[in-house]
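Student: Residue numbers (this note's numbering), protein chains in the order written: chain A, 1 to 260; chain B, 1001 to 1394.
These are computed hints drawn from the structure, not numbers from a lab.
Computed footprint of chain B on chain A, listed as stretches where at least three residues anywhere in the stretch have a Cβ under 8 Å from a Cβ of chain B: (1) 78 to 87; (2) 97 to 109; (3) 115 to 125; (4) 128 to 142.
Positions of the beta carbon are idealized from the N, C-alpha and C atoms, including for glycine.
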Amino acid sequence: MLNKPPIIQVEHLSKRYVRTEYRPSLRHEATQMVKRWLRMTTNVSWQSAAFWALKDVSFSIQQGESVAIVGRNGSGKTTLLRMLSNITDPTEGTVTVHGRFRTLIGLSAGFDQQRTGRENIYFNSAIYGFPPAVVDTFIEDIIEFSELRDFLDTPVKRYSSGMVSRLGFSIAIHMMPEIIFLDEILSVGDSAFQEKCQQRVVELKDRQCTILYVSHSEDTVRMLCDRALWLHQGQLMMDGPVDTVLDAYDEFTHTEVTPT
Amino acid sequence: MRYITKAFVVAFLAILAVVVGAMLVAIQVRLRIILGKELGGDYLAQPPSLFIILFMCALVSTWVMNTTGRLTSRISYFVTVIIALGFSTVMIIFLLPDVSLLQLIYYVFFGVFIAAITILLPPRQRDPYKNFDLFYHLARLWENRVLLSLWVRYNVRTRYSQTFLGIAWIILLPLSTSSIMALVFSQIFPARFIGDAPFISFFLAAVTAWNVFSQGILNGTTSLTREIGLMSQIYFPREILVVVKLGESLVDFTFTFAAMLVINAIFGVWPNINFIYLPIVILIQITFTLGVMLFVSYITVLVRDIPQLVAVALQLLFYLTPIIYSVQSIPENLSFIVLINPIAMLIDAYRSIIVYNTPPDPINLYYPMVMAGVLLYTGYMFFKAYEKRLVDYV
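Isolated chain A, as found in the complex:
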């Protein structure tokens, strides 16, 4: 197993964001630029306002592993996922993903409120690379799984949030390639639906898909993943078996909560 090259390789990954409130206006920025050019000021205000969403993160994932990413809010989990999905570029470092992947940051990506459920199925699949002709072969399964057959031809703006998530998940679960990045998606819907979802995701794991799962929910993480990465304020604190990392993370959050 260790002889095969890792399917995902992240090396010294860093991402810097410039906080835009420190650029009050175009006029201010323009005058600052001119002043800097005339050497009248060395105030590069935007540099001091920068913050590192991720700093020097490195890890590698083999094919078939299911890895969880845990951390407080704002620790850089979604940023990491964005960089793995080619949505944004790193400031430093490299990201390599070998193979087709699918990212699910939220379940209703690409849903347009004005369109009907059926149109959104076709659109969502198309934007992930599955043309309508292909979708037609398993659209019945999608409709069946989402339990939304009666509501398919009404605009999505009339759906409840649970219905939207159900639709999104059913579309997603039927088109899973070998690498999947999930961002907090198993915690939606009622418990019956959640069970169906978990069952499907476990099936994926059995099929040797590589899964990267970002979540706050300990139970699903422990059930689904073998390994965990703990991110805190952009840095990788720990990388190891899921139980060890989760225990350390628990201890950390509980000791931090005590007010001083």
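Given chain A's structure and the hints, the job is docking chain B onto it.
Tutor: What follows is chain B alone, placed relative to chain A:
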């Protein structure tokens, strides 16, 4: 023969495009702007041997640079173009003494200008394989054609989703506005004839074409800012958002065009054989509009004022384009302003095909064509180089 690699062919075609484009613009400038006409009107503008010389010089220049292994950096491409320009100028002076010197001066000037804009100016792409490869990006677009057509279809459908008349509005709206205009210009205001065509046909042909451009650009400005959420969740080539807006305005164009044909028929202006040239003119216009949209949509994400500025600029441009007046009625000293405007002659080409039943004069289309190509290329390079940063600007 082992030197004939794909890289060489691509480099040669790029250099050739710049060189030929410069010459075409030079021809149009010299023949259409007063300045040139004063310096002797009998000079040959474009003998076929001219283009053969350009071809040979571009080939030799690229060959030399390639075989000496110097065709590496962007500056070297620029130098190759300069060599080709100089070499061809010298050859033309000696071999074709009838070609006007002024045209050659324009040629060198435009050649350097176009080369600087397309070779030196575009930002470096992160992935070196995609450097300057417009065809790679167009191929990606073609691959996504199912998504594009689906998106356009859905957008147009949802526009009329909760209306009583539904999708019928897409033909009813242009038909009714054109009919009202026809009524006004034929009954209320006296029917003026320009050439041998009624004013309404004269106006409709131009304004339909203009709307592709202006509606496309106006919708394109907000195309990226509206879908920031989508962009931060899924990976897809971001220019699809822009092309979708262009697709929508093309759909509108189709139906407005049909309505225009109906109104024209009422006034006795029928479709004719010259409609064969329409696809070419439409293609040039699409290229031009897309090029502008790529720039404008990106900059809007940074500076949210741009849609307003663009609206004002388009208003101004509307009056600088011969839509409500004819090209012939422009006073001599102002003709320069209209000829600088790349879409001026393009709109006029639409009019000459649809209303006056004459094929468009190719010389008038050189500048728009070259301008469209340059804009699309630089727009694409700019867009693709910085497209990943869009999500960071929220």
